[in-house]
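Counting from 1, one number per residue, gives the positions in the sequence shown under my numbering.
None of these hints come from the bench; they were simulated from the model. Keep in mind it's a predicted model, so treat the numbers as computed, not measured. Ideal Cβ placement from N, Cα and C applies to all residues, glycine included. Each hint should be verified, as a subset may be incorrect.
What the hints assert, rightly or not - Simulated DEER-style distance windows between Cβ atoms:
1) G61 / A240: 19 to 25 Å
2) P131 / E88: 17 to 23 Å
3) A176 / D72: 17 to 23 Å
4) A237 / A113: 40 to 46 Å
5) P12 / D141: 27 to 33 Å
6) K164 / P187: 18 to 24 Å
7) G133 / Q43: 29 to 35 Å
8) D141 / E223: 24 to 30 Å
What the hints assert, rightly or not - In silico BS3-like pairs for lysine-lysine, Cα to Cα no more than 30 Å straight-line:
9) K222 / K250
10) K207 / K222
11) K222 / K164
12) K164 / K250
13) K207 / K250
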Amino acid sequence: MRTELVSEPGDPGRPNEDFASVGLPASGQGGSLVVLDGVTPPQGEYGCLHSVSWFSARLGGALTELSVSLRDLTLTEVLSRAIRRVAETHAGTCDLSHPRTPQATVVLARWSATEVEYLVLSDSALLVESPTGEVTALLDDRLSRLPRASLATDAVADATVRNKEGGFFTAAADPAVASRAVTGTLPRDSVRALAALTDGATRWTEKFRAGGWAELLALVRKEGAQALVDRVRALEAADAEERVHLRRSKTHDDATVVYVEL
1 MRTELVSEPG DPGRPNEDFA SVGLPASGQG GSLVVLDGVT PPQGEYGCLH
51 SVSWFSARLG GALTELSVSL RDLTLTEVLS RAIRRVAETH AGTCDLSHPR
101 TPQATVVLAR WSATEVEYLV LSDSALLVES PTGEVTALLD DRLSRLPRAS
151 LATDAVADAT VRNKEGGFFT AAADPAVASR AVTGTLPRDS VRALAALTDG
201 ATRWTEKFRA GGWAELLALV RKEGAQALVD RVRALEAADA EERVHLRRSK
251 THDDATVVYV EL
């Protein structure tokens, strides 16, 4: 089995708000991967004493442990239990009802000798490659399908679509949000490789249109995950002034790639 993990902050002067891990049980049977993209809040108070990077680390650590140690739980149950665990650690000091309480997008995958389970919540991505080379993108595309007006400002998005029916969902403080994730199970023999990416890395395909999902995965396999991040950084730098592709987005975003060959 080949595994590769790269996570690079968008700004070296700021903490990386992404989280990534690969868990391999001591038994040597199966494994799991976790990728989170912490949601950077707007300037001002957001009801919590803790940073987004603190939240991502706590939630990611819980997901890594639970997905490996409690294989009888579904990934939906794993996410629900992990959210509850983290919420309980700071419910006494923080306002977890605030719309910008620390939160993150989630990609989970877990494999055994017979199957591959997956869970995707919000706009990170999981790519699945078959033994014959076909690449399928498993996405939660609710955010991309929203009217632009509903995302015009942070205040409008928070009031109308963030973690609301008809909008989009992230992992924050409500364990019930786990049921909103895109989930499924694939036969193990139908999967050759997995790639989980935050939207800082999927920019190569989704914003800059440098290649499709199959080309992205081929790049990671051939040249490594760092090569993808380096190419994204070069494209971001070239677009920094004209803003043709990034528009209202950050010039540089935290970028994380986890690649696993099964």
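So, going through the hints one by one against the coordinates:
no.: 1; hint: G61 / A240: 19 to 25 Å; result: violated (34 Å)
no.: 2; hint: P131 / E88: 17 to 23 Å; result: violated (43 Å)
no.: 3; hint: A176 / D72: 17 to 23 Å; result: holds (21 Å)
no.: 4; hint: A237 / A113: 40 to 46 Å; result: holds (44 Å)
no.: 5; hint: P12 / D141: 27 to 33 Å; result: holds (31 Å)
no.: 6; hint: K164 / P187: 18 to 24 Å; result: violated (36 Å)
no.: 7; hint: G133 / Q43: 29 to 35 Å; result: violated (46 Å)
no.: 8; hint: D141 / E223: 24 to 30 Å; result: holds (28 Å)
no.: 9; hint: K222 / K250; result: holds (28 Å)
no.: 10; hint: K207 / K222; result: holds (22 Å)
no.: 11; hint: K222 / K164; result: violated (41 Å)
no.: 12; hint: K164 / K250; result: holds (24 Å)
no.: 13; hint: K207 / K250; result: holds (12 Å)
The structure shown violates the earlier hints numbered 1, 2, 6, 7, 11.
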